[in-house]
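Under the numbering used here, the first residue of the sequence shown carries the number 505, and numbering increases by one thereafter.
Warning: the hint list may mix true and false statements.
[Stated by the list, open to error] Cβ pair distances, simulated, as ranges:
#1 Gly634 <-> Pro713: 22 to 30 angstroms
#2 Lys641 <-> Arg760: 31 to 39 angstroms
#3 Asn580 <-> Arg862: 33 to 41 angstroms
#4 Arg760 <-> Gly719: 16 to 24 angstroms
#5 Gln873 <-> Glu574: 47 to 55 angstroms
Calculated from the structure, these hints are not laboratory results. Where a beta carbon is used, it is the ideal one built from N, C-alpha and C, also for glycine.
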Amino acid sequence: MLNVQGQVRAVAHLQRALRAERLASTWIFAGPPGVGKFTTALALAKTKLCDKPVSKRNNGQVALLEDGFELTLPCNVCESCRAVDAGSHPDVHVVTRQLIRYHDETGKSKGTTLSIAVIRGEITGDPKEGKEAKIYKRSFRGKGKFFIIDQADLMDVPAQNALLKTLEEPPAESYLVLVTSSPQELLSTIRSRSQVVLFSELPDEMLLPALIGKGLSHEDAKLMARLARGSLGRAMAWADDLRIINEKNERAEKRRSEDDDDDTPAMTPGGPLAWARDLGGALDELVAGRASASDVAAVLSKYAGEYARLQVARDKLTSVDRAKRDGVQLLLGFAAEWFSDRLRLGLGTPHETTLPARTAALDHGIVPQLIMAAQRAEATVDMNANEKILLAAITTQWEDLLLAR
């Protein structure tokens, strides 16, 4: 658990619960994607199930705990610890939407949500179908059982209701950890029966070493860290995408140098760095009056689509529609950051890493309106707004605000 970076508050919360031996039966780990929630859930399970847990004085290792506080840590050498590390512990159950392939006899489910079939098959059981409730079975190693539900916000309502029945009478020594970046999607009755641990965005400087280690230049790493909004997982995925594109381009270039007749085209450099640069250019043109709202909307839609394609390439069960909406939110976030840079320049407090732009400062009276419009549009995406209508509306609003200067 001490290896979890940048989540001191969450680690301190869990350490207090472990030390007091008052571990709640149900937890919600909530926070942005890619900041260590799932890693922490596994660390909690490893610590609780360890055959020979270690007590160790804090001595400043967890900043929010007193130096004399006795940390509870896994030994990392027992059979249980090794099994958790290997992903083979019989009492640690990781529940994901992808498990639908084992619970859908029709083979028709796309696995875009975490369905009731998965929850029943992996946790609660279903007497009508002859499925045994795993959560009520005795643990294999006698130390308890953990059920970690990843992307718990993707549970549909029937799945959440099935889980709720178990939460009302939780079995002893069974622990549920719901990992989510959208806790508001969980039923209020589930939230009220759970201990909530909040995770925060990671500081940019914490992402830099990992990104530079992936081969990015220092400047590109700084920009990507800012665009990732404190999500190490997101930044690492983007860096891997760039590496794959670069490797394919290098191989294509080598073939062309060895064979004059090889006309294999290079892949277009993509990913968030390219998207941010192109979007910045489109916003420059909008500010200068050389581009229209529809031009900017087209750029936003194009790169939201590219984002969706990357997500589907990583996981075939990803909903294209949901991924496209996530991409729209991401690009609107980039735009809000771009406008924020213009505001900070005008106030004489520029961000250390500014997004690519030719536009200098904008009137600080108008920029907050541009930023708020982008943020409202981000929120509207989650309300299932039509993407084309949404992008047309937000870019027209930006254009109108800029024309009224």
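Results of checking the hints against the structure:
One distance hint, 22 to 30 angstroms for the beta-carbon pair Gly634 and Pro713, is violated here, with the actual separation near 51 angstroms. Between Lys641 and Arg760 the beta carbon distance is about 60 angstroms. The supplied range of 31 to 39 angstroms is therefore violated. Under the hint 33 to 41 angstroms, the C-beta atoms of Asn580 and Arg862, about 53 angstroms apart, miss the expected range. Taking 16 to 24 angstroms as the suggested C-beta distance range, the pair Arg760 and Gly719 conforms, at roughly 22 angstroms.
As the Cβ distance of Gln873 to Glu574 is approximately 53 angstroms, the hint placing it in 47 to 55 angstroms holds.
Hint compliance for this structure: hints 1, 2, 3 are broken, all remaining hints hold.
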